[in-house]
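*Asks:* Starting from the structure of chain A, add chain B where the hints point.
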Amino acid sequence: MREIALHLMDIAENSVAAESRNIRMDVVEDLHTDLLQVCVADDGRGMDVETAKRVLDPFYTTRTTRKVGLGIPLLKLAAESTEGGLSLETESGKGTRVEASFRHGHIDRMPLGDIGTTFLTLLVSYPHIHWVFMYQLKDKQGNLKEFVFDDEEIKSALGDVSLTEPDVLRFLRGMIEEGIAALAPQTEF
Amino acid sequence: MPAIKSLEELKRVREEALAKKQLKATPGNVQVIVAMGTCGIAAGARDTMKSVLNFIEAENLSGVTVTQTGCMGMCEQEPIIQVVMGDQPKVTYGKVNAEVAAQIMKQHVQGGSPLKDHVLPI
Numbered sequence: 092m093r094e095i096a097l098h099l100m101d102i103a104e105n106s107v108a109a110e111s112r113n114i115r116m117d118v119v120e121d122l123h124t125d126l127l128q129v130c131v132a133d134d135g136r137g138m139d140v141e142t143a144k145r146v147l148d149p150f151y152t153t154r155t156t157r158k159v160g161l162g163i164p165l166l167k168l169a170a171e172s173t174e175g176g177l178s179l180e181t182e183s184g185k186g187t188r189v190e191a192s193f194r195h196g197h198i199d200r201m202p203l204g205d206i207g208t209t210f211l212t213l214l215v216s217y218p219h220i221h222w223v224f225m226y227q228l229k230d231k232q233g234n235l236k237e238f239v240f241d242d243e244e245i246k247s248a249l250g251d252v253s254l255t256e257p258d259v260l261r262f263l264r265g266m267i268e269e270g271i272a273a274l275a276p277q278t279e280f
Numbered sequence: 098m099p100a101i102k103s104l105e106e107l108k109r110v111r112e113e114a115l116a117k118k119q120l121k122a123t124p125g126n127v128q129v130i131v132a133m134g135t136c137g138i139a140a141g142a143r144d145t146m147k148s149v150l151n152f153i154e155a156e157n158l159s160g161v162t163v164t165q166t167g168c169m170g171m172c173e174q175e176p177i178i179q180v181v182m183g184d185q186p187k188v189t190y191g192k193v194n195a196e197v198a199a200q201i202m203k204q205h206v207q208g209g210s211p212l213k214d215h216v217l218p219i
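Chains as they are written, first to last, in our numbering: chain A, 92 to 280; chain B, 98 to 219.
Careful, some of the hints might be misleading.
Capping the alpha-carbon separation at 30 angstroms, the derived lysine-lysine pairs in DSSO-like fashion look like this [unchecked claim]:
| no. | chain 1 | residue 1 | chain 2 | residue 2 |
| --- | --- | --- | --- | --- |
| 1 | B | K203 | B | K213 |
| 2 | B | K203 | A | K246 |
| 3 | B | K108 | A | K246 |
| 4 | B | K192 | B | K213 |
| 5 | A | K246 | B | K187 |
Treat the hints as calculated values from the structure; they're not laboratory data.
Next comes chain A alone, as it looks inside the complex (with noise of 0.2 angstroms):
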């Protein structure tokens, strides 16, 4: 994985498998204090105590087609490289919360990457799923400027008429694009 917004995706797969229906992405970027944080925490099946110290092993997987699971994993590890960590609160039919941080300017911090994609991507992908997505950027004086995007009114407002009609994709992409880009001069180098 090449950026932070993949693994970002690859755990947001994990979600939707467990069969959540609410799911909420969440990235604060903070300059203030050289912090770059993000979770995905969803209300699907959970795990029990002892799935959720397996998952932590990249041997660990649920699905049948192979024997490697890795998503976690590679998140945990691409956290402690830059002097952050990983955590995972889960409980049994209550839902899972992944939290990874960064530190913002080390030398081995993957860039976040190409976080609207990643939002789109998946809230086109799936529609039955309740989406929210925040993306927060504090600067070195400690302005915060945030865009949260909730799907709740846009399909209510849009009815039986599917996300990806080009009309609708058009409008989604913009409505993403425009909101990531309101944020910030970009900080990635």
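*Replies:* Leaving out everything else, chain B in the frame of chain A:
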């Protein structure tokens, strides 16, 4: 927050999308499925998906559903996509980068004839 203005715009978009849909003869439901397991994502499946969505936008292609699925057990062939046209059998393509995805969209989804290349024997 500009949400209210945006929602009004969205309602207009919805009306237009509905009107356009009625004008076109429906060729049956078309489904494009992108495999998005860890292997797929690492191999570039998000760019493949982006290319599919861009094609729909650029060509104003109505009536296509785009969904995702997990790892299909052929990680070495990722990115993988499947195309289902109406009641025709599902066609599975392997090593579908953004370019190949656009080609599949043009020739198979829009043109109706599956590609010879990149087809996986499943």
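*Asks:* For each hint, tell me whether it holds in the structure or not.
*Replies:* Evaluation of the provided hints:
| no. | hint | verdict |
| --- | --- | --- |
| 1 | K203/B <-> K213/B | 14 angstroms, holds |
| 2 | K203/B <-> K246/A | 29 angstroms, holds |
| 3 | K108/B <-> K246/A | 11 angstroms, holds |
| 4 | K192/B <-> K213/B | 13 angstroms, holds |
| 5 | K246/A <-> K187/B | 29 angstroms, holds |
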